[in-house]
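Peer 1: Here are the chains, one letter per residue:
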Amino acid sequence: MATLIIAEHDNSILKPATLNTVAAAVAIGGDVALLVAGEGCQAVADQAAQVAGVSKVLLADNAAYGHQLAENVAPLVAELAKTAGFDYVLAPATTTGKNLLPRVAALLDVGQLSDIVAVESADTFKRPIYAGNAIATVKSLDAIKVITVRGTAFDPVAAEGGSASVEAVTAVHDAALSRFIGEEVAKSDRPELTSARVIISGGRGMGNGENFALLEKVADKLGAAVGASRAAVDAGFVPNDMQVGQTGKIVAPELYIAVGISGAIQHLAGMKDSKVIVAINKDEEAPIFQVADYGLVADLFEAVPELDSSL
Amino acid sequence: MKIMVTVKRVLDYNVKVRVKADRSDVDLANVKMALNPFCEIAVEEAVRLREAGVATEVIVVSIGPKAVQEQIRTALALGADRGIHIETQSSPESLSVAKLLAKVVADEQPGLVILGKQAIDSDNNQTGQMLAALTGLSQGTFASEVKIEGDEALVTREVDGGLQTLGLKLPAIVTTDLRLNEPRYASLPNIMKAKKKPLEVKTPADLGVELRAHTELLSVEPPAERKGGIKVGSVAELVEKLKNEAKVI
Ligand SMILES: Cc1cc2nc3c(=O)[nH]c(=O)nc-3n(C[C@H](O)[C@H](O)[C@H](O)COP(=O)(O)OP(=O)(O)OC[C@H]3O[C@@H](n4cnc5c(N)ncnc54)[C@H](O)[C@@H]3O)c2cc1C
Ligand SMILES: Nc1ncnc2c1ncn2[C@@H]1O[C@H](COP(=O)(O)O)[C@@H](O)[C@H]1O
Chain A
1 MATLIIAEHD
11 NSILKPATLN
21 TVAAAVAIGG
31 DVALLVAGEG
41 CQAVADQAAQ
51 VAGVSKVLLA
61 DNAAYGHQLA
71 ENVAPLVAEL
81 AKTAGFDYVL
91 APATTTGKNL
101 LPRVAALLDV
111 GQLSDIVAVE
121 SADTFKRPIY
131 AGNAIATVKS
141 LDAIKVITVR
151 GTAFDPVAAE
161 GGSASVEAVT
171 AVHDAALSRF
181 IGEEVAKSDR
191 PELTSARVII
201 SGGRGMGNGE
211 NFALLEKVAD
221 KLGAAVGASR
231 AAVDAGFVPN
241 DMQVGQTGKI
251 VAPELYIAVG
261 ISGAIQHLAG
271 MKDSKVIVAI
281 NKDEEAPIFQ
291 VADYGLVADL
301 FEAVPELDSS
311 L
Chain B
1 MKIMVTVKRV
11 LDYNVKVRVK
21 ADRSDVDLAN
31 VKMALNPFCE
41 IAVEEAVRLR
51 EAGVATEVIV
61 VSIGPKAVQE
71 QIRTALALGA
81 DRGIHIETQS
91 SPESLSVAKL
101 LAKVVADEQP
111 GLVILGKQAI
121 DSDNNQTGQM
131 LAALTGLSQG
141 TFASEVKIEG
151 DEALVTREVD
161 GGLQTLGLKL
171 PAIVTTDLRL
181 NEPRYASLPN
191 IMKAKKKPLE
201 VKTPADLGVE
211 LRAHTELLSV
221 EPPAERKGGI
231 KVGSVAELVE
241 KLKNEAKVI
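Chains as they are written, first to last, in our numbering: chain A, 1 to 311; chain B, 1 to 249.
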């Protein structure tokens, strides 16, 4: 058995989500290869070669793959899966993986299992449906199994200790269907939401974007990432990349502090696997208290500054 | 240019699902069904493009049992011009949906196809990307802004790191994210008018598509319940508990 994993990277750094996906591949068993498709991404391949459990790194370094456009990368992956005989193609369930992998599956004429949270056997997996309100056990009937992996469900393998070989892939697929125009990348010194140990998130109750500074102060003391509910993003308080939930980011930190968030099922879907949940809300009936280990019924504008000064 | 939008009939997003006692599936008997919220956003975007004169016609497609005609009518009431219902016994898997949609694309030759990024029942987030593969068209997933300029669609996408803008050669496949627009409500006169708009019914056989299962659902279980927690009386007590009981700070 052999698995091909699409490495998550930005042409210079291998992203941690890759390590969780390797863990899922290790749970499946067999050889694990990592594909690094990008431009000027040799450094990523070098990092990928160190990852524990990986036996081979395939490096497709070409301008056509620079922005990882699905129209170009999907045919490359499909071709590798067929010609190199991979039984599984995996990617992290990030926006990059979600954008690319279904295109690969369709090119291979197979289905895709999205967001798996457990490997039951070589062909059977668990995945959440209905915003995590049900967990389905699904058997894949396809010869090549195409799967995205929910990072929070698999402990990452070690980033170092492996010694995989790096092989260049020279095939160039340039569909010329789309072009990269630009990006607005959120810059922050805080940890990434999906790998943070502590997260403090704000909702509509924050009132405006400036008030998120209250959460940032606490975040700085706890080494936390700052997240948000959909309502806070829709209202323009904070950017979209901070949204936690069914249709945003899925997180499972050691500590999740929800501030001024009511606890709609779509929000809970993104954070209810956190180890410890704290809720600060002035409405004691708010559903968030049903999942909180520690609930504080209080006005956030008093409680959060007090929390800040007592840390 | 014609725009094709797809709509899926799903459980209303406000309803909390229950798993059947025999754990064979979720229980959808007597629960409120609705238009998938992301599809509502897709319909709105298409209608706005027609209102802006960019598009000439909005075609709405849904696949599933007869009941999905209700969601097609809703889309027609929101401003779509005509409907196509592809009748199947149950709601097929994403790849099958994509194969059926690919045939409709071949027949109708739309300049733009807009789908939801995700159906909130399966949470698959696959169909648009699969349709793009099968038709060989460009894809702009998780769109928060769509502009048509010349022979390109300029699509801003919500990605993990922020926002990304792509130029897609038309015809293109776009999937919607939450911030793309705020859908309107259907007015009563428009609901009445929608009843008279054309709705064509086809079968997979009419389209020459043979569907095959790619997965088998073995069982469905409720998620692990969280144990109820406690209420703390003050910030001081909260900090004490986090330090000494939970040991997370
Ligand atoms: C298709 C779809 C997808 C969705 N995806 C997501 C998703 O991924 N993530 C997500 O979060 N939501 C998502 N939602 C939205 C979700 O249903 C809720 O609308 C949203 O989570 C509500 O955000 P909120 O809790 O911040 O706002 P509200 O529900 O308005 O709650 C605000 C809370 O703040 C409290 N509050 C107000 N002022 C104060 C104060 N001074 N001190 C203390 N507490 C205060 C209030 O008591 C209230 O409980 C989705 C919805 C749909 C339909
Ligand atoms: N049975 C269906 N009928 C029409 N459109 C569908 C159907 N299934 C999925 N879609 C479309 O594909 C999108 C993504 O669905 P999915 O890939 O299943 O999460 C949905 O928002 C719909 O726009």
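Because the hints were derived from the structure by calculation, they are not lab data. One thing to keep in mind: the hints can contain errors.
As the list claims (entries may be wrong) - With a straight-line cut-off of 20 Å between C-alpha atoms, the simulated EDC-like cross-links for lysine to aspartate or glutamate are:
hint, chain 1, residue 1, chain 2, residue 2
1, B, K243, A, D220
2, A, K126, B, E240
3, A, K275, B, E240
4, A, K139, B, D123
5, B, K247, A, D220
Peer 1: Are the hints correct? Go through all of them and say.
Peer 2: Results for each hint:
Taking the CA atoms of K243/B and D220/A, the gap is about 17 Å. The hint holds against a cut of 20 Å. Restraint check for K126/A and E240/B: not satisfied, since their Cα atoms lie roughly 37 Å apart, outside the 20 Å limit. Distance restraint check for K275/A and E240/B: the Cα-Cα separation of roughly 17 Å lies within the 20 Å cut-off, and the hinted pair is therefore satisfied. With a C-alpha separation of about 17 Å, the suggested pairing of K139/A with D123/B holds against the 20 Å cut-off.
A threshold of 20 Å between alpha carbons decides the hint, and for K247/B with D220/A the separation of about 18 Å falls inside it, so the pair holds.
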